[in-house]
Amino acid sequence: MSYAYYPGCSLHSTAEEYDRSFRKVCSGLGIDLEEVTNWICCGSSPAHATSHLLSIALPMHNLAIVEKSGRDEVVVPCASCFSRFKFAQYEVGKDEELSRKVSEVVGSEAGKKVNVIHPLETLSGSGAIASSKVLKDLSFIKAVCYYGCLLTRPPEVTRFDSCEYPMSMDNILRSVGIETLEWSYKTECCGASLALTETSIVVKLVGDLLSEAKKVGANAVAVACPLCHANLDTRQAEAEASRGERFDIPIFYFTQLVGLALGFSEEELGLDRHIVNVEPHLSSLRGGV
Amino acid sequence: MRATNMSQIYIDYNPALSSFPLTLSRESGQDVNACFQCKKCAVGCPVAFAMDLTPTQIIHAARLGLENVVLNSRTIWLCASCQTCTTRCPQDVDIARVMDAARIIAMRRGVKPSVKSVRNFFNAAVMNIRRFGRMYELGLIMALKLKSGEFTKDMELGKQMFRKGKIKILPSFKGMRDTRRIYRAVRKKESR
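Protein sequences appear in the order of chains V and D.
Heads up, the first sequence is in the working numbering, so the first residue is 1 and it goes up one at a time.
Heads up, the second sequence is in the working numbering, so the first residue is 290 and it goes up one at a time.
All the given hints hold, so there is nothing to weed out.
Heads up, simulated DSSO-like pairs for lysine-lysine below, C-alpha to C-alpha not over 27 Å straight-line:
#1 D/Lys-478 x V/Lys-112
#2 V/Lys-204 x D/Lys-436
#3 V/Lys-101 x V/Lys-113
By construction, these hints were calculated from the structure, which means they are not laboratory data.
Computed from a predicted model, the values in this text were never measured in an experiment.
Whole structure, please, built from the sequences with the hints as guidance.
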């Protein structure tokens, strides 16, 4: 398999370990990723909060690059980029006037037919991981899968898994021998970029999420979004302080957990880059298989 | 008219005198009149606890043409765009899009934002993307600190993230020609 790959801004900075671990997993499974040349930011929420046209034009510019390079599929790991790409195609698909304006702004009509997919999709279905690839026993991990907002909502736009109770990440982790638990916060919001502005809101939401994760007996949270990761990881200490409750629960990109199962080292997967130290939680791994 | 809760607002109801519902519908592409006040958006909203008006109340105020209530609310700035309301609305109103539209109208009219930090974040981030082509996170954080004057906020966390190599020092500048061209073209179209 071979895909165009749009990492997005976060995967080149704060979420570099998501990029690294996804690339490792793909190399282990024989999936070829070709990074989109000269990609630009998708605009994320600052664009759609300030100009509708801009918020559609930025993703369409990137999709046009993909189509012009002869690719018809692009993998987009960041949930926000994924959402903006999907929204852009959805909006130009139903609004001819907008579509015309966007083409004029971008200087191209290309990009509408490119299939935008998330890593959770590349590793599901026909891309499912063969059990023969699993080299490490990770059965001591009891994870809750946290999908967040934008992968599944709104469903007519993202066309991805169930919007109230998705299972794609659970199924992938279970396929590599990790136990995943039922919980009711799979698609709750972490507060996203409010972390930089109205931090107390994020601290409250993160506290609710982690408290519930603990309650169902999880010893790890698996995520598929850089902002979810940043909030659950970097705001965990503040959430603990505000609730007077100890969480000490490591937050993993699901690609890091898959990577561990496939036998990649903690360093190769960037596990040393998290604020909540994962080392003590993985000690049994080092002594294990 | 300042709203702290809906019951305190004297409603001078004459929608015929207000062009606001039409302005909002043009900007958002949404028909807020479809709302039948089921309150699913308010109940599902993760940030409602911090808002002055629930999303349902914002939509209701919009229908009544109470533009000051909508544009001066904290709600339109605190909305995290999580899409829960939009997903669950039985009347297919894209409420998150209405919130975006209200922010855009408020900024265009120079309405003093009730949550300045969020407005500053949007402006600084949009400028950051234009300037660098890709988001330069450290530059964005610095710009926000200059605006807010909160230089010590998150300092300890910042140091930790720096030690873990999570903060990239230099911007990339890749694609900045493209973002500048796109921004110029968008501005041209929007000023028409």
